[in-house]
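Given only the sequences and the hints, what does the whole structure look like? Please build it.
In the order they appear, the protein sequences are chains A and B. Take -10 as the starting number for the first sequence in the numbering used here and just add one per residue. Take 2 as the starting number for the second sequence in the numbering used here and just add one per residue.
Treat each hint with caution, since some may be false.
Label-pair restraints from in silico Cβ distances [to be verified]: (1) A:Ser141 x B:Ala19: 19 to 27 angstroms; (2) B:Ala19 x A:Met47: 28 to 36 angstroms; (3) B:Glu70 x A:Lys92: 24 to 32 angstroms; (4) B:Ile269 x A:Ser141: 49 to 57 angstroms.
Derived from the structure by calculation, the hints contain no laboratory data. Just so we're clear, the structure is a prediction, and the values are computed from it rather than from any experiment. Every residue, glycine too, gets a C-beta built ideally from N, C-alpha and C.
This is what each chain is made of:
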Amino acid sequence: MNLDRRKLLVGSAALAAGAAISQRLFQTPYHTDRRPALSRVAILHAQEYSEKLEDLLMQGLRLFGLNLTDRSVLLKPNLVDYIPGDAINTHPLLVASAAQCFKRLGAKRVVVGEGPGNQRDTHLLLSQSGFAEKLRHLQIDFVDLNRDQLASVKLRASYTDLGHLWLPRTVLESDFVVSMPKIKTHHWSGVTLSLKNMFGVVPGAKYGWPKNILHWKGIQQCVVDLCATVPIHFVIADGIVGMEGNGPLNGAARPLGTVVLADDPVAADATCARLMGFEPGGIPHIRETAKFLGNSSPAVIEQLAEAVQIPETPFHVVPEFEYLRVRQSESNSTPYSVQGG
Amino acid sequence: MKQLLSWQLPLGGWSYQARSLQAAMEPTCLSLLALRPLESDESDKGTKFLLSMQNPNGSWPAFEDDDREGSWTTSLALLALQGMSVYAAAVDKGRRWLLRSKGRESHWLWKWKFRTTDRHVRFDPDEFGWPWMPETNSWVVPTSFSLLALRQHLPPDQEAYARFRINRGIEMLFDRVCPGGGWNAGNGVVYGEPLAPHPDATAIALLALAGETSNPTVQSSLDWLEEVAHTCTAPWSLAWASMALSAHQRVATALLPSLLQSIDPCSIEDVATLAAVALALQPVSATKLLGAQS
Chain A
-10 MNLDRRKLLV
0 GSAALAAGAA
10 ISQRLFQTPY
20 HTDRRPALSR
30 VAILHAQEYS
40 EKLEDLLMQG
50 LRLFGLNLTD
60 RSVLLKPNLV
70 DYIPGDAINT
80 HPLLVASAAQ
90 CFKRLGAKRV
100 VVGEGPGNQR
110 DTHLLLSQSG
120 FAEKLRHLQI
130 DFVDLNRDQL
140 ASVKLRASYT
150 DLGHLWLPRT
160 VLESDFVVSM
170 PKIKTHHWSG
180 VTLSLKNMFG
190 VVPGAKYGWP
200 KNILHWKGIQ
210 QCVVDLCATV
220 PIHFVIADGI
230 VGMEGNGPLN
240 GAARPLGTVV
250 LADDPVAADA
260 TCARLMGFEP
270 GGIPHIRETA
280 KFLGNSSPAV
290 IEQLAEAVQI
300 PETPFHVVPE
310 FEYLRVRQSE
320 SNSTPYSVQG
330 G
Chain B
2 MKQLLSWQLP
12 LGGWSYQARS
22 LQAAMEPTCL
32 SLLALRPLES
42 DESDKGTKFL
52 LSMQNPNGSW
62 PAFEDDDREG
72 SWTTSLALLA
82 LQGMSVYAAA
92 VDKGRRWLLR
102 SKGRESHWLW
112 KWKFRTTDRH
122 VRFDPDEFGW
132 PWMPETNSWV
142 VPTSFSLLAL
152 RQHLPPDQEA
162 YARFRINRGI
172 EMLFDRVCPG
182 GGWNAGNGVV
192 YGEPLAPHPD
202 ATAIALLALA
212 GETSNPTVQS
222 SLDWLEEVAH
232 TCTAPWSLAW
242 ASMALSAHQR
252 VATALLPSLL
262 QSIDPCSIED
272 VATLAAVALA
282 LQPVSATKLL
292 GAQS
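As structure tokens, then:
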């Protein structure tokens, strides 16, 4: 067989390219399966934001037997923007209550940290949203994660080709990271719960306002890569009043009357999605993280407090996510109770 | 000013937070602009640090140790080095990088996408400006800073292209304005819903539009900013609002007491904010240094 040098080179290049593409296609995009054998979730009923939340939270947290002695705790609320009367942000009373509870549980330091994605003036946002006054009163430090000292971190999953992200030292050096989302819909990602909430740790000083590179690389994929890399140790989700429709900013308030606690962010988000009347598997970042990071199946989620109640009317969404809404006929066949059904 | 000087890092830069040892370009450039009238040794040291941070491609990183691809802070670095003829070569290299940098929506493929399948954010992809970082869309703040930096000196061999970019950038700002006036990050209307403006983004856009005072959009944005500034207590927003109102000959002196009250140099730890306030307290110098004279 005659094989000249040129053909050999072209053939080798084609083979190498083919191998690279195949590797990309067939390689598992996550490194290790870190799912716990059993995840625990506690759904607590709370109808309003009041000083009573601290006692309620404390009762809920005790169900998990957390040992926080001498550990530094970072509370990461969802603090996006301020529109008077809108249910955009995690309520400052819930965050303050959580800070008090973690102090009572022995934490050596509790800080609140956020890097808002739209508003550059974090001080203004803290002041308008009521956080500044509440945190000052309780002498709890706040860290603007958009302007924190940064370190390069190799991503522990490869759903995107980002490879690494610059992340705030405050996040990386915390012993116990608590994601505290608002339970709401999101016009780009379907929902914004404890996993999507972690976009707030990506620093604006490097990635801008908004963190547009995460949109270009795929919001759902970026959520997975980020949450595979930055551990969420606990979730406290604010569903006392959630948001439906055109979230995360322009949706309508939707009272849900719940606070969701969990030791697994995937289990937390799957449960919150069910409480919103959504099929969790329809949300790509929940579906993918459920393959290696946490549990979404009710069979491996222990409910420590109230049972999951699927609402008679699911949360409204933008048309692109209409498919998430579980129809009444389907919800009747699930093992959950149906609220008002 | 004393507090700002005390926060200068040993190598000459400034970090975002007083407790941090990692220099970042935004607080460094704002500090250098605020300290410019002093003509101090600290300023020289800071300027030399800034030059040492320039990437081989002419851009500047966002912070010390950053990847070398370049970032939005290139425009701030150019503003901080403006008028220093001894550093003309570095400035020229930076300006050329800035002219190459543009919002990703300017590419024909993405224009097509934003015109056909991705129309939830109301904007015209023909009107593009500058991104925060490469491979992303144009946004209001980096576009505004780039306009301020480029307008100060047009490279003779690229003058026509520079004018084209400046005009496109100005049109982009007008395209992204919020209904009723003012700017946020750059999304005026999403899913048919108007979004609210932010004082700092509005002020920075208005600085870049200092030559357009009579434009009705600029006037309505100035009206909005003037109204919110008088009740605002956040020093960062107040500082930029004060500079923008001065640049458009709106009386901003009433804001100065609020500006002074809003900041306690003993308790504040945000260096960029303190630098912005220090700059705003010298309104004539600030508008001149930023090239925001109408």
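Next item on the list: Hints the structure violates: just list their numbers, smallest first.
Entry: As far as the earlier hints go, 3 and 4 are violated by this structure, in ascending order.
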